[in-house]
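Enquirer: Given next are the chains, with one letter for each unit.
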Amino acid sequence: MNSLLSAIDWARAQFALTAIYHWLFVPLTLGLGLIMSIMETKYYRTGDTFWRKTAQFWQRLFGINFAMGIATGIILEFEFGTNWSNYSWFVGDIFGAPLAIEGIVAFFMESTFVAVMYFGWEKVSRGFHLASTWLTWLGATISAWWILVANSWMQYPVGCEFNPDTMRNEMTSFLDVALSPFAIDKFCHTVISSWIVGAVFVVAVSGWYLLKRREAEREMSLKSLRIAAIVGLIASVLAAATGHKSAQTVAAVQPMKLAAMEALYDGGTGQGLKVIEGIEVPYALSFMATNDFNGYVPGINDILKGYTRADGTVEPSAKEKMERGRIAIDTLAAYRQAKAEGANEATLNAQLSTLNTNMPYFGYGFIKDESELVPPVAVNFWAFRVMVGFGSLFILFFAYLLFISWKQKKTLSPLPRDGESLTSFENSAQQPPSITGGVGGESFYPNWLLWLAIILVPCAYICSESGWLVAEFGRQPWTIQDMLPVGASVSDIGASAVATTFWLFLVLFTTMLAVEINIMLKQIKKGEPFPARGE
Amino acid sequence: MNPNSFWHKAFHLYYDGFRNMTLGRTLWLIIAIKLFIIFIVLKLLFFPDFIGQHTEKGHEAEFVASEIFKR
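Sequence order for the protein chains is A and B.
The opening position of the first sequence corresponds to residue 1 in the working numbering, with each subsequent residue numbered one higher.
The opening position of the second sequence corresponds to residue 536 in the working numbering, with each subsequent residue numbered one higher.
Just so you know, the hints here were simulated from the structure itself, not pulled from any lab data.
Heads up, a few of these hints could be off.
To be verified - With the C-beta cut set under 10 Å, the calculated list includes, among others, these residues of chain A facing chain B:
{"#": "1", "residue": "66"}
{"#": "2", "residue": "67"}
{"#": "3", "residue": "89"}
{"#": "4", "residue": "107"}
{"#": "5", "residue": "122"}
{"#": "6", "residue": "123"}
{"#": "7", "residue": "168"}
{"#": "8", "residue": "491"}
{"#": "9", "residue": "492"}
{"#": "10", "residue": "505"}
{"#": "11", "residue": "512"}
Even glycine gets a Cβ: it sits at the ideal position worked out from N, Cα and C.
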């Protein structure tokens, strides 16, 4: 048993490591993909080759990230088959179907349109090329959809029925699985928050060129920065809105996760939202969870003891759920044995009836102590605050950036037009625009803001990963909510075997990440040789 | 092959594209190494099909049931 416990820890650590590493690439693909598509749309609409070169520059950085991220997610599937074999069998085709669709979509859409995007500039029409760029981004977004559908099913298993003969869950409604409210909320929040990562990245790279006074990339930086600021501000506000919606879904289907996020032990009506321990916004948690300032939010102790919802329905106590779970497990074992021994139909039907009645609590039968039902509160509490804190900071950051950008555009005519180069300012009384967007040394983008943009790149990733920490730590101890805990999901595998691959992955992933960052930085330093206007 | 045919154009899109790559060569090399490590080294050496190793095909349900019931 000790060995198994240890194997669980290593298997979880390995899965977390792989998922976190994989998620370093995905948000930038989704975010930068959107921004580069907007830039190419500008080229399509104006015919200005400046926008073509700008789009090509960002597509190059997109390509580096894309290449580095390819197949990093497939390792998670290997881990399912080796470390989480009980889980893999138990979920049946429900998990397999979305992943298979994702694989097909990713392969055909992305491989086709990525090729046109990179190789087709001189070979296809502008319209077809633009469509390919947007479809590359759309393909990546659709891939994310199916992965998030699979993940959402684990958090909120719907559209399925457990088959005691095959020991697998069978899909009863593809639409219920694919369009579950949990999946929709998760998709919107996750994808939109990925746009923020892309926007911060573009602002940071542009900011770096401005700080380094790179004349060749100056106009590209200023215009890219403006587009990224618009995307970033819209995405930040939408992420807050979709986050609010996600919190309501979590409150409805995973109340323990919400209680852990808030370190709320004893709930009630009119609950405040803790900013940090000791400081709270009155009534905000009730509003966040129920859209009602006086809504009832159960705490950890309430959930363990059982509570009555606003609609009058009663949520059983943990103890009752554990008892019913044990009945489900015992009945399943008895049913399988009776069937193997050729028992009559009436006996089997009676057992199936008992099993179906108690099946919603099947997973609780594996829980030895009700304390196992409480997720790690500190991790959830702080990960949630890191996510929301950075998310709020991004709204302010992009709003301020956009304000400066708007002021620059309104006050000045800082950028040379077509047929006019910077040298044309040399013999005139008019001073050329400063490198950071102002005129005559007046800086519209203060250096501190540009440095802040660079500092915010790792913060955007931390914010994005924190969201996943909340989602995944918050659902512990479940691999499938209420159906299967991690203890029953893991393979009876030696801890040392999993530990070995954990360290192997750590070395491999660190090396690959170092290679990516190195190539990315080299490419950014190299820049894009934009000819001056008129040359 | 007719130079105006779809297949001819599609072939040359990839052929010329791969031939003229610069940064892409490095990226493809990294992708190839990565895929080799993932599918050959990791999958074959470190990530066997656990159920397939411990039971015969067709008896997976019994195996998983016995594994789950003893937890």
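Enquirer: Against this structure, judge whether each hint is valid.
Expert: How the hints compare with the structure:
no., hint, result
1, 66, "9 Å, holds"
2, 67, "4 Å, holds"
3, 89, "4 Å, holds"
4, 107, "13 Å, violated"
5, 122, "9 Å, holds"
6, 123, "5 Å, holds"
7, 168, "7 Å, holds"
8, 491, "5 Å, holds"
9, 492, "6 Å, holds"
10, 505, "8 Å, holds"
11, 512, "7 Å, holds"
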